[in-house]
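A.B. asks: Below, each chain spelled out in residue letters.
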Amino acid sequence: MHSNPFCVLSMTMIFGLEGTAWNLSAAIVEENDVLAETTATYRPASGGIHPREAAQHHASHISEIVRETLKKGGKKIDAVAFSQGPGLGPCLRTVATAARALALTLDVPLIGVNHCIAHIEVGRWKTPAHDPVTLYVSGANSQVLAYRAGYYRVFGETLDIGIGNALDKFARSVGLPHPGGPKIEELAKQASYYIPLPYTVKGMDFSFSGLATAAQEAHKKHALPDVCHSFQETAFAMLVEVTERAAAHTRKKEVLLAGGVGANMRLREMLGMMCEDRGIEFYVPEKRFMGDNGAMIAYLGLLMFKAGYRTQVLDSRVDPDFRPDKVVVKWR
Amino acid sequence: MEIIASGAEAVIALYGNTIIKTRVNKRYRLKEIDETLRRERTRTEARLISEARRCGVPTPIIKDVTDFEIKMEYIDGDPLKNVITPELSEQTGEIVGKLHSCGLVHGDLTTSNIIFMGGKLFLIDFGLAYIDRTLEARGVDIHVLFQTFESTHEGHEGLIEAFKKGYSRTLPGAEEVIKRVKEIESRGRYA
Chain A
110 MHSNPFCVLS
120 MTMIFGLEGT
130 AWNLSAAIVE
140 ENDVLAETTA
150 TYRPASGGIH
160 PREAAQHHAS
170 HISEIVRETL
180 KKGGKKIDAV
190 AFSQGPGLGP
200 CLRTVATAAR
210 ALALTLDVPL
220 IGVNHCIAHI
230 EVGRWKTPAH
240 DPVTLYVSGA
250 NSQVLAYRAG
260 YYRVFGETLD
270 IGIGNALDKF
280 ARSVGLPHPG
290 GPKIEELAKQ
300 ASYYIPLPYT
310 VKGMDFSFSG
320 LATAAQEAHK
330 KHALPDVCHS
340 FQETAFAMLV
350 EVTERAAAHT
360 RKKEVLLAGG
370 VGANMRLREM
380 LGMMCEDRGI
390 EFYVPEKRFM
400 GDNGAMIAYL
410 GLLMFKAGYR
420 TQVLDSRVDP
430 DFRPDKVVVK
440 WR
Chain B
75 MEIIASGAEA
85 VIALYGNTII
95 KTRVNKRYRL
105 KEIDETLRRE
115 RTRTEARLIS
125 EARRCGVPTP
135 IIKDVTDFEI
145 KMEYIDGDPL
155 KNVITPELSE
165 QTGEIVGKLH
175 SCGLVHGDLT
185 TSNIIFMGGK
195 LFLIDFGLAY
205 IDRTLEARGV
215 DIHVLFQTFE
225 STHEGHEGLI
235 EAFKKGYSRT
245 LPGAEEVIKR
255 VKEIESRGRY
265 A
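Protein chains in written order, with this note's numbering: chain A, 110 to 441; chain B, 75 to 265.
Pulled out of the complex, with its shape left as it was, chain A reads as follows:
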């Protein structure tokens, strides 16, 4: 009768809590939809994210965020999911503490989830992507991932800093306010020429630290828009090249873009061209599911809950370096 396998009589309702970096977000999802989501964003007065200040921000807003979300969408929560890592230690610990308290209060299971995998799964949920190569680009993370034989494998990743942090680092050095990415994107549109900058792809990995430094140096001699343009073009070409190689290697027919830097229209355009030329599909979730959000944590929690995963409080310690390829995937 029902073609949708999720269309069963009783729905599963999962509460998800995200707070690995500057976004604190709680959500409740069921199989088909996000029922509620509340977000509070830490904005540094000046400079970049200070991990302890971000954690204090999360600590002071978390009870109100949780209460609000429960009020909007909570009827019968089946489990509480939280970002166990990777992320900033102090932020992760604050969120994990709240998640444990909530699970114990509601007397429901706790599920620790991997933040990177949550980005992929929300993309598979909210776009037609079924088995994509994922380019996940955010402040701290830059990875090319694809599913194979029970794991999300990391095909390529940054050898030093994430692309978002590289953009922010450069932006700060030239006096642009945090977050730097959107401003760099705007300025790049006014560029008139390209300045050669270091293009670093080693095997399947990339590196951005040297590029950010070289861009700072270039700004001493060239106009800011030209440097912004050159920085973007170089960095994004590296990301797209490795994504294309992973697609060729795995023979997968889809590419999914995930993470906050995925908001950049030039990056989307470049990935779109690459996919078109290869004859494969390119998917980008709507903006609310690109950056860090509670819904993706709740949704991965839902998949894991239904596959039988449970995290005992004793095993719920956070892992700032939690790798996606450490998780055995039993829900696919």
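What the hints contain is simulated information worked out from the structure, not anything from laboratory work. These numbers were taken from a predicted model, which means no experiment stands behind them. Errors might be hidden in some of the hints.
[To be verified] Taking lysine to aspartate or glutamate pairs in the DMTMM-like style, the calculated list, with each CA pair at most 25 Å apart, reads:
#1 K105/B x E295/A
#2 K256/B x E266/A
#3 K239/B x E250/B
#4 K330/A x E106/B
[Stated by the list, open to error] Pair ranges (Cβ atoms, derived):
#5 K298/A x D150/B: 48 to 56 Å
#6 R207/B x R441/A: 39 to 47 Å
#7 V157/B x S318/A: 39 to 47 Å
[Claimed, not checked] Partner residues aside, some chain B positions facing chain A, computed with beta carbon under 8 Å:
#8 A79
#9 G81
#10 A82
#11 R101
#12 Y102
#13 L104
#14 E106
#15 I107
#16 L111
#17 R113
#18 L202
A virtual CB, placed ideally from N, CA and C, is assigned to each residue, including glycine.
Take the given structure of chain A and dock chain B to it, following the hints.
C.D. replies: Just chain B, lined up with the frame of chain A:
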């Protein structure tokens, strides 16, 4: 002319007994970046193929190099993946040991990139090759090969043991690299 392979980066066409490897342009990146990369990579690849040959590793003879193209000898044999035996795996170990002892790393050692012709094994496709004498680079090189053994060949343990035997014969300090391969495996990253 016949296109015999088309990868993420290059197209390989066969003209009689000559291969032409052309690095194709990528519309998504700026012309300046695109042409610099293709030119540098073409030149590096040709140089490393010749260098490997000078170190006693059988590779195709380079006939000509232009901006984005390498013309080279066609190695008209059987890919190792179709003919592999412990004996050939041991020979593979020997040539990879020679390559590494020369300071080169292949970067994409699979049983499709090793060709058996006229009683000899040839290494082809140096598109990802680079110069590196570190244990890590050598370890990853071998790890990639062992993974193709495991995923596509029966009796891979025997093949791996045979490889190690040949490799130790031509590379001083091979045991250290083999140790590193084990560590790389335990990290479970290179898929």
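A.B. asks: Next, verify each hint and record whether it holds.
C.D. replies: Here is how each hint holds up against the structure:
| no. | hint | in the structure |
| --- | --- | --- |
| 1 | K105/B x E295/A | holds (21 Å) |
| 2 | K256/B x E266/A | holds (21 Å) |
| 3 | K239/B x E250/B | holds (14 Å) |
| 4 | K330/A x E106/B | holds (19 Å) |
| 5 | K298/A x D150/B: 48 to 56 Å | holds (52 Å) |
| 6 | R207/B x R441/A: 39 to 47 Å | holds (41 Å) |
| 7 | V157/B x S318/A: 39 to 47 Å | holds (45 Å) |
| 8 | A79 | violated (11 Å) |
| 9 | G81 | holds (6 Å) |
| 10 | A82 | holds (4 Å) |
| 11 | R101 | holds (5 Å) |
| 12 | Y102 | holds (4 Å) |
| 13 | L104 | holds (5 Å) |
| 14 | E106 | holds (5 Å) |
| 15 | I107 | holds (5 Å) |
| 16 | L111 | holds (7 Å) |
| 17 | R113 | violated (13 Å) |
| 18 | L202 | holds (6 Å) |
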